[in-house]
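Under the numbering used here, read the sequence shown as residues 1164 to 1288, first letter to last.
A couple of the hints might just be wrong.
Claimed, not checked - Here are the simulated BS3-like cross-link-like pairs (lysine-lysine), alpha carbons at most 30 Å apart as the crow flies:
#1 1199 with 1212
#2 1282 with 1199
#3 1261 with 1282
#4 1274 with 1261
#5 1274 with 1209
#6 1217 with 1261
#7 1212 with 1282
#8 1261 with 1199
#9 1199 with 1217
#10 1212 with 1274
#11 1282 with 1209
#12 1199 with 1274
#13 1261 with 1212
#14 1209 with 1261
#15 1282 with 1217
#16 1199 with 1209
#17 1217 with 1274
Bear in mind the hints are in silico, worked out from the structure with no lab data behind them.
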Amino acid sequence: MYFKLGGMVGAIAILLSNGSAIAQDAQRYITVGHDKLGNSVALDTKTIKGTTYKLYGMYGDGIFETTFDASCQESRLFRNRIAIYGSEGQLLQEDQEKGEIPFVANSSPGKGMQIVCQKIGAHGW
């Protein structure tokens, strides 16, 4: 798992920092926004489970992974977990505090939610 995650961190970091990736990764990760430094924030389409989804972005030499749950019909959004991984894939920090966050349509989490809700055919906005 450690080496697999390390490779994933590297692939995600390349994609997020300069936008280039092999075709398979480009189809897997959909850019839903950018951070203050101009790096992409991406939705991982392969990890969508119902209305649960993950966003990835750059964090120093590694990446952050944020897991959300969407309540599509109510236009409500819930953060489940934030994890920060180092460049070798090691978990550096984790916050599993759950809670509702505001749904903002043009934010990265909001855009991710819209894609997920459209995929399952349920949206309330």
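Name the hints, by number, that the structure is in violation of.
No numbers; nothing is violated.
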